[in-house]
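Put chain D on the given structure of chain E with help from the hints.
Protein chains: 2
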Amino acid sequence: MTASTIDRSVIEQLVRNAIRQSGGPASTPVAARGAANPPGWIDGKPNLRVSISARHCHLTDEHVEILFGAGSVLKPEKDLYQDGFYAAEQTVMVVGPRRRMLGSVRVLGPTRPFSQVELALTDSISLGIDAPVRHSGKIDGTPGCVLVGPAGSVQLTQGVIRAARHVHMNFADCDHYGVQNGDMMKLKIVSPDCSVTFEDVLVRADEAAKLEVHIDTDEGNACNLDTATEVTLKKGGCGCEKK
Amino acid sequence: MTASTIDRSVIEQLVRNAIRQSGGPASTPVAARGAANPPGWIDGKPNLRVSISARHCHLTDEHVEILFGAGSVLKPEKDLYQDGFYAAEQTVMVVGPRRRMLGSVRVLGPTRPFSQVELALTDSISLGIDAPVRHSGKIDGTPGCVLVGPAGSVQLTQGVIRAARHVHMNFADCDHYGVQNGDMMKLKIVSPDCSVTFEDVLVRADEAAKLEVHIDTDEGNACNLDTATEVTLKKGGCGCEKK
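So the sequence lines, in the order shown, correspond to chains E and D.
Count along the first sequence from 1, then add 142; that gives the number in this note's numbering.
Count along the second sequence from 1, then add 142; that gives the number in this note's numbering.
Chain E on its own, in the form it takes in the complex:
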C-alpha cells in the first residue's frame, strides 16, 4: 500500500473492509430458513466481511436541523454494506473539554431517536473524553460533548462511546455458526507479524443483516487489517490451537 492509498482509504472513506471467505465451523452449506440465498451469502454459504468503522456519529432529526439548518435532512453520500444505512455528506465538529476537538466527524444515516458519537480509544484520548466501551444505544451515564455544525451547535449530555466489537448477521448466519442474538464470538485475524484474536464480539442478529464484523480503527490498526491474509469467526475458542 502506498502513502496515497493510505490517505484515500482513511481520510476519504468511512469504512475499510476485508472480505474473506468464512472459516466457520460447518464445512458444508447450511440450508437457510426457507430462503434460497440469505442476505450476504455467496454460493450457498456465508461470506465473512470485517469492516473498520472510523469515528462517526448518529443524530436525531432535531439535531440535524439545529446543526445544518431548519428543514435540513441527511444527504446519503455512500451506502454502507448493511442495506439501508449510509454515510451522509454531512460532517460535524466534535468538541471536548479544554477546547480539544475533532474537526470533521462523519454523520451516518438514517437518523435515530438519540444522538451518539462513536470513537476509537485513540480518538477519545486526543479529544480528552473518557469514552467507555459500550454497545450502540447503551449510552446511559456516558460522557457528553459539544457538536458543532454550520448552522448551530448541540450540547450532548451523554452519548460519547467507544463502540464495542460486534458482528451483524441474519438468522441463517446464526444457524451456520450455532449462535443467537446476544452471544459472544471470537474473531481471529492472521496478519504478517501482527496477528490478533479479538474476543467479546457481540452477535447482533437481524433478519435483513449481512454477515459483517465491525471493529474500530484502533482494533483494525492493531492487526493491520489491510494486510490480513485470513479472518476466522468462531463461536467458542479462537481456533489458535489448530494453527
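Hints listed in this document are in silico derivations from the structure and should not be mistaken for laboratory results.
Some clues are possibly wrong.
Remember, identical chains collapse to one label, so a pair may be satisfied in a single copy or spanning two.
[Unchecked claim] Listed below are the simulated SDA-like cross-link pairs for lysine to any residue, each with C-alpha atoms no more than 20 Å apart in a straight line:
1) K280 with D317
2) K280 with S268
3) K220 with T233
4) K377 with D335
5) K377 with D348
6) K280 with Q300
7) K217 with V290
8) K280 with D342
9) K280 with P334
Chain D only, in chain E's frame:
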C-alpha cells in the same frame, strides 16, 4: 479513569504500564541460573509487565548534534523499566510527505548506531507514511522522513517503522517459559468488553533484561490496557480454551 488522568497518562508519559502477576505455565518457582533473584523477579518468580510504547525515536550521536546543536548530548528525563534506557528531555518534529507532521516525538536514549522512528499504525497513517511492521533495527528498505530539531534537520532515507510486538526477558525468564531468544509467544489481555490475544510476540532475551512486553498505542488501545484485569504470556496457544 478521568479525562485528566487520560491526559496525563498519554500526553505527559511516554510509557504506560500494566504490572500483573505472571500466569506462566510453571506453577512453582523456577530456580534461576545460579542467581538468587534474576532481574525483575519478585518472590522467586517472574513478574510480567506489559508496557505501551508511545511513538518515539532513536538517534545517532551525529544526529543529536545536528538537531540540538554542536556538542549536544541526550539528557535523561525519565528512566524506563529496562535498566540503562531512558526517555530524554529532547523531542523532535517528524515530517512526512505533503507537509504532514507529528510535532513532538520523544527521543529515547542512549544513542544508537542508526536513527529510527517507531510509530503506531494510526500515527503512520496521520503522517502519510506507510511504515511496515519491523523488529527494532531491521530497517533496510523502510521509508524515511525528515526530523526537525531546534538547531537543524536531518533527512532519514530509511528508519520509519511500526515496532513489532516483543517481550524482553532474561535467561531465567526464558527457562520459566520454556522459550529462547527469537521464539514467538502469545499474550492474552483480559479487559472488560475488549479482551484480545496478541500473537507474534518475539522473545528478545538478554542477561540483564527484565520481563516486559512492549506493545504500541494501537495495540494498547485496542484492548484498553488501562482497564485490563489479567495478562497472560504463553509459549504456545493463547490459553483461550481454558477460559
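### Task
Starting from the hint list further up, note which numbers the structure goes against and sort them upward.
1 and 2
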